[in-house]
Amino acid sequence: MSEKEIIPELVRKRRSPFVDVMMRLAKSPLAMFGLAIIFVLVFCAIFAELISPYSPIKQDLMHMFETPSAEHWLGTDEFGRDILSRLIYGARVSLQVGFIAVGIALVTGGMLGAVSGYYSGKLDNIIMRVMDVLLSIPQTLLAIAIVAALGPSLMNLMIAVGISAVPTYARIVRGSVLSIRSMEFIEAARAAGSSDLRIILKHIIPNSMAPIIVQSTLGVASAILNAAGLSFIGLGIQPPNPEWGAMLSGGRQYIRDYPHMTLYPGLAIMLTILALNFLGDGLRDALDPKLKR
Amino acid sequence: MKKFSIIFLALILALSLAGTSLAKDTLVVADQYDATTLDPIGHNDYPTSRACSHIYDTLVFLNHDGTLRPGLAEKWEFLTDKDYKMYLRKGVKFHNGDEMTAADVKFSLERANTPAGSHIHTYSQDLDNVEIVDDYTVIIHLKKVNYPFFSSLVHSWGNIVCKKVVEAAGDDYGMNPVGTGPFKFKEWAKGDHYTFERFDDYWGEKAKFKTLIVRSIPEPTNRTIELETGAVDIAYPVTTIELARIEENPELVLQRKVIPSTTYMGFNVHKAPFDNVKVRHAIHALLDTVNIQRAVFRGVGQTPRSLIPAVTKYSINDDLPAHTRNVETAKKLFAEAGVNPATLKFIIRSNERKERIDMATIIQAQLAEVGIQTEIVQQEWGAYLNVLQQKQHDVFLLGWGLSVPDPDYAVAGLLESNAGTNYTTFDDPKLNEMLVKGRSLPDGEERAAVYKEMQLYINEQLPMIYLHNDEAIAGVRKIVKGFEVDPFEVHSFRGVYFEE
Amino acid sequence: MLKYILRRIIMLIPVLLGVAFCVFTLLYFTPGDPARMVLGDLATDEAIKEFRDKEGLNDPFLVQFGNYIWKAVAHGDIGRSYSSKRPVMQEILTAFPYTLKLSAFAMIIAIIIGIPCGIISAIKQYSWFDTITMIFAMIGLSMPVFWLGLLLILFFAVRLRWLPSSGFSTFKAMILPSVALAAQSISMVTRMTRSSMLEVIRADYIRTARAKGQKESIVIGVHALRNALIPVVTLCGLQFGQLLSGAILTESIFAVPGVGRLMVNAIMSRDYPMVQGGVLFIAVTFSIVNLLVDLLYAYIDPRIKAELK
Amino acid sequence: MDNMLDIRNLTIHYEVESGTVHAVEGLNLTLGRGESLGFVGETGAGKTTTALGIMRLIPNPPGKIKSGEIIFDGENLLDKSEAEMRKIRGEKIAMIFQDPMTSLNPVMTVDKQIAEMISLHKKVTKSEALKLAGDMLELVGIRRERMHDYPHQFSGGMKQRVVIAIALACDPELLIADEPTTALDVTIQAQVLELMKELKQKFSASMILITHDLGIVAEICDKVAIMYAGRVVEYADKRSLYSHPIHPYTRGLFRSVPDIDEDVDELPVIPGLMPDPVNLPSGCAFHPRCSMATEECAKVRPEMQEAEPGHFAACPFCVKKFMNGEAL
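Chains as they are written, first to last, in our numbering: chain P, 1 to 293; chain H, 294 to 793; chain R, 794 to 1102; chain Z, 1103 to 1430.
Just chain P, same shape as in the assembly (with noise of 0.2 angstroms):
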């Protein structure tokens, strides 16, 4: 007899699992910090125009390396382009690489685990081993070449970055369905007569959601990670995009004299990926109580 039988489990009111999950969430200070964060870095990638001060690739070589100021409040770098203003456009560019490479991992990995553990047999045989083949190359590595073969881009950097990604989503949406489809709705719905793709749709996929909300949220934080590192060794986004790993490894040479120019975008990255744990950490709890502790 534990813990969960001496105190009984009160009568909870019902509600929508949506808005149970919410509330579960708004009770955890850090999810919260996290999702504010998440919120102001939105913002601030949707309107970027409006709030940053400077153009983000307007130079001024007259005031270069210039130190925190009224003027440029988080200073200059080395083409005298506001660092603010900069970080601000550099928003944009992180959550659209951290999102879109997820929702690229997500798509194939998801439908991938999800044909896998639906059909089993040898269909999943075979993908579950092609899928080990690409976990056993390491993400970086892996990353890197793609982009290495595809030329640094944007948008091959979001490839890579999820391609990368794609054997993780597939064993868990796989490992989910192969869960869930043993249970007895399932059984009910075939024996009901529905199709394999409307079962997949209907009944897998939702009930398999929680931790693939989970992983996602963490994977935009590791994928914004990644791609951060691929810029920061110069295979990222190209100049004069603004992108926080770039810009890092930019003013990497000038730390000794003007460690602003790194100590900002370190710290905006590390804001981001803080604030995205923060949340897939509370979304955990909240998702699964019998988890918190």
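Keep in mind the hints are simulated off the structure, nothing from the lab.
Keep in mind it's a predicted model, so treat the numbers as computed, not measured.
Just so you know, even glycine gets a beta-carbon here, dropped at the ideal spot from N, CA and C.
Don't take each hint at face value.
Said to hold, decoys possible - Quick list of the computed label-pair ranges, beta carbon to beta carbon:
| # | chain 1 | residue 1 | chain 2 | residue 2 | range |
| --- | --- | --- | --- | --- | --- |
| 1 | P | Met183 | R | Ile802 | 33 to 43 angstroms |
| 2 | P | Pro29 | Z | Arg1341 | 56 to 66 angstroms |
| 3 | P | Met183 | Z | Asp1287 | 23 to 33 angstroms |
Unchecked claim - Restricting the straight-line Cα-Cα distance to at most 27 angstroms, the calculated cross-link-like pairs of lysine-lysine (DSS-like) are:
| # | chain 1 | residue 1 | chain 2 | residue 2 |
| --- | --- | --- | --- | --- |
| 4 | Z | Lys1182 | R | Lys1008 |
| 5 | Z | Lys1299 | Z | Lys1189 |
| 6 | H | Lys501 | H | Lys317 |
| 7 | Z | Lys1228 | Z | Lys1189 |
| 8 | H | Lys550 | H | Lys647 |
| 9 | Z | Lys1194 | Z | Lys1299 |
| 10 | R | Lys878 | H | Lys483 |
| 11 | R | Lys796 | P | Lys122 |
| 12 | Z | Lys1189 | R | Lys1008 |
| 13 | H | Lys503 | H | Lys483 |
| 14 | Z | Lys1224 | R | Lys1008 |
| 15 | R | Lys847 | H | Lys456 |
| 16 | R | Lys1008 | Z | Lys1225 |
| 17 | R | Lys917 | Z | Lys1182 |
| 18 | R | Lys965 | H | Lys317 |
| 19 | Z | Lys1304 | Z | Lys1194 |
| 20 | Z | Lys1166 | R | Lys917 |
Use these hints to put chains H, R and Z onto chain P, whose structure you have.
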């Protein structure tokens, strides 16, 4: 747990102490990259040339002022324009104890023309054969007249290897080099450092310290830090940002020298609108090349005015006026060419070298002032070269450095029609003719005139815009004496000693 | 047991073939002529043609792939590096010790810090220690390694001058890269230890142990820890595999001449045999580490052991 | 009477997010030496919490013993230091847990788990302890050869035997068995119960048997305590309780046990649910479900009253009725 962490700390302490004790019989140098191989003909890059220069000797040595002095060849005479007789030094020992003879010289030079030497064929391709007169005399026969060839013998490709050892080692030679140089190979932790040791049977002046360690530290900041902390004695190259720091440090000395190298922005002259010389000049007029250079390099190097670097003979660089930006001229030229700059849209390509990207970024902004839209595409080296070779590019940033002190190499590799590295696709019979003529003349007034005319002609045609003429800069600890930075960037430690 | 290991190794073969095929395909479509890269931009067209013929670069795709596999299987020869001319295997084995050392140090740091922190956090759940540890773990998890590396250099190498900023030959030089690389693993190990410990210390058998009158230190240190460590060991193993293969950024920041940097350089310079060999090597290492983790897992958890038999 | 265990006014709370759970609220209980007590109540009545309270193993946080005394062998366990408690646990008081599946450490062989108990409380060497562990296994009916096996290699019933072996390894004075058979198949249940009965005799230990099964109590116990919402509502020896239960809750319980002698269509069930332990009803916790409840019941918390010698109940109304010989 506590106990464990104490042990751990003690371990760190002990090991770190063990790591620091270096008797001053060791010179530690920080280079940017590691050597790729220690086979002198298996490469054509600076870090490797530098590494080879410690292990091997060439027949002739290069002075810092660009003149030559005897090396493994005590003296030489030009029998004809194409046949050079070389008298070899006697009693020169390889690191394995064998004596160097004419056979080794013949083998070394002729090997460069085999596929193993494809990196340096530009230098060696006019070599016909090497004739052995006796054990200590050889005659180098060329296929055709090529005066710059003799100077090229100072290049890493002219290093003399031991025939017996090379033949025995085969493909593995690059890791087990044997030369006649003042240092012999000891160990090589690839990517990290190589260690050479004094060769006590060296024919010339022996090294004044026992061990030479060259570490590869790609980050300029890290090189400087290591120099400041005394972990290395000499560090190069030093980048702009680090200059003041080294200059201001009383324990360090900064050495700098302008070198024969040019960074340029090339046009693909076979592609419209760059096929129009007026457009090329118009773009040039739009660019404030002097200030671009200043903004990016902040006091290092200068903006070249001629393709032949200022320090190379026959250069007219210093006689020409500096380029100034003039938007009106540019507009006029565009009008004459019938091109509306606001409709222009092209790609500026570069590899991912920071300074080049920086220059491209400013160029992009300056071109945008008249409405020219450009996109910067940076690629890693392999893909970049590949694109250039396809000859479908628009505009590109690239550098060219001379390792041989002859103006021919400054022009031929970039603009001669059949040159493999002619990425501007410049194809001009008049220039080709001038190049051939220049090669066929011995040094003197007549040759000087050819190159002067050539430089003016190139500036008129403007297949490329000159952006930067670099300096060789090294940071040296004060206690290190006898080191002088080499304008060809093959720095030598033969005379280095310590003064405590 | 042996049969299981053997089966796992046999199962590796198709995976490796798949990896080889993937890399081969990828490289095949990568722009950049290896001949040009190897011979340099001064090379003549004849030299390039000769090189392409010699290396079989003009053969059809499948023929090239077949030849590669055949040589690798029949002669254990995975080719020579285009740029250094040394056998690929030799190049990798030169670089691998650096990566191994780096990863091992990082892993040791992660374990030494992560497991105790995780345990204390779990025992003192909701205490200030727990809160701070968890926030730090989250920060560690979110810290881009290339930024952390730079900060470490700035602080310990530039400001304090305590530790060298690059190189990997002395123990002192290994500290910063290992710490930078370890940051994420420390966080992961801490979090995993904590959550696994939390689950375990509420388990009935822990109560049984307490009901025996066992000392709390032994209840936690022996009964709880061994059970809680099962998932942690798995994580450490997976992490170690990741580190071994994925220390690319760390290696590039601290100029550690390990496999990661070797691979990036190889990709950049179109050193095809190097890339192929390297990726295969990494895949093999990765799989072997995973196999070892599974075996270790079985060693710790008798339930799994029973399944393997 | 020589009371081995005397629990007085024990109150245990759990502080959780939604409030304070009144798991045990002013509980009184006594147990004589050599006696076995059946501790009966619905799930959530606080039986296990009481047992853990005696062992001082309430998980803290969230649980806390708020007040009361647990006098064991004349000493208050709540005044003991943790080190002193450790001496008592296992040696004087041993506990058998509900779920044998999870009560054994999965990564330790069973002999080691038994030997651990022995080495903790007896001055023996490691090998002696292991040998004794083997003896204990044989005693509970498991072949000695299997002593080096891991828990997962045993069936549920066998695991429970191992748990019993652990509990009895040090010959405890008091054995607390928390629903020892609930998790087992019915056939196995009987075997395990038989074994427990037999061993209890053999070791002459006192025992508290926690269960919700009145049948098991009837089979094994001498005395019975009925618990409801954190309190004991009725306490008596088996015979008198079974023959004439007094408290309305107890009577409700008995009515809901099927009687094979009678033939009824439907079993009467106590209406309503167990109260929310966070918000216990005022007065008598049972009054919302009680058919005999009066306004008084909602106001005053009833104390235990002796209805006949050794038979106590916490319902003044019923006690009075009983003593007056009225029908209940």
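Taking the hints in turn, this is what the structure says about them:
no., hint, verdict
1, P:Met183 <-> R:Ile802: 33 to 43 angstroms, "holds, 36 angstroms"
2, P:Pro29 <-> Z:Arg1341: 56 to 66 angstroms, "holds, 59 angstroms"
3, P:Met183 <-> Z:Asp1287: 23 to 33 angstroms, "holds, 26 angstroms"
4, Z:Lys1182 <-> R:Lys1008, "holds, 15 angstroms"
5, Z:Lys1299 <-> Z:Lys1189, "holds, 26 angstroms"
6, H:Lys501 <-> H:Lys317, "holds, 11 angstroms"
7, Z:Lys1228 <-> Z:Lys1189, "holds, 19 angstroms"
8, H:Lys550 <-> H:Lys647, "holds, 21 angstroms"
9, Z:Lys1194 <-> Z:Lys1299, "holds, 19 angstroms"
10, R:Lys878 <-> H:Lys483, "holds, 13 angstroms"
11, R:Lys796 <-> P:Lys122, "holds, 24 angstroms"
12, Z:Lys1189 <-> R:Lys1008, "holds, 10 angstroms"
13, H:Lys503 <-> H:Lys483, "holds, 21 angstroms"
14, Z:Lys1224 <-> R:Lys1008, "holds, 15 angstroms"
15, R:Lys847 <-> H:Lys456, "holds, 24 angstroms"
16, R:Lys1008 <-> Z:Lys1225, "holds, 16 angstroms"
17, R:Lys917 <-> Z:Lys1182, "holds, 23 angstroms"
18, R:Lys965 <-> H:Lys317, "holds, 20 angstroms"
19, Z:Lys1304 <-> Z:Lys1194, "holds, 16 angstroms"
20, Z:Lys1166 <-> R:Lys917, "holds, 16 angstroms"
Every hint, counting from the list given before, is met by this structure.
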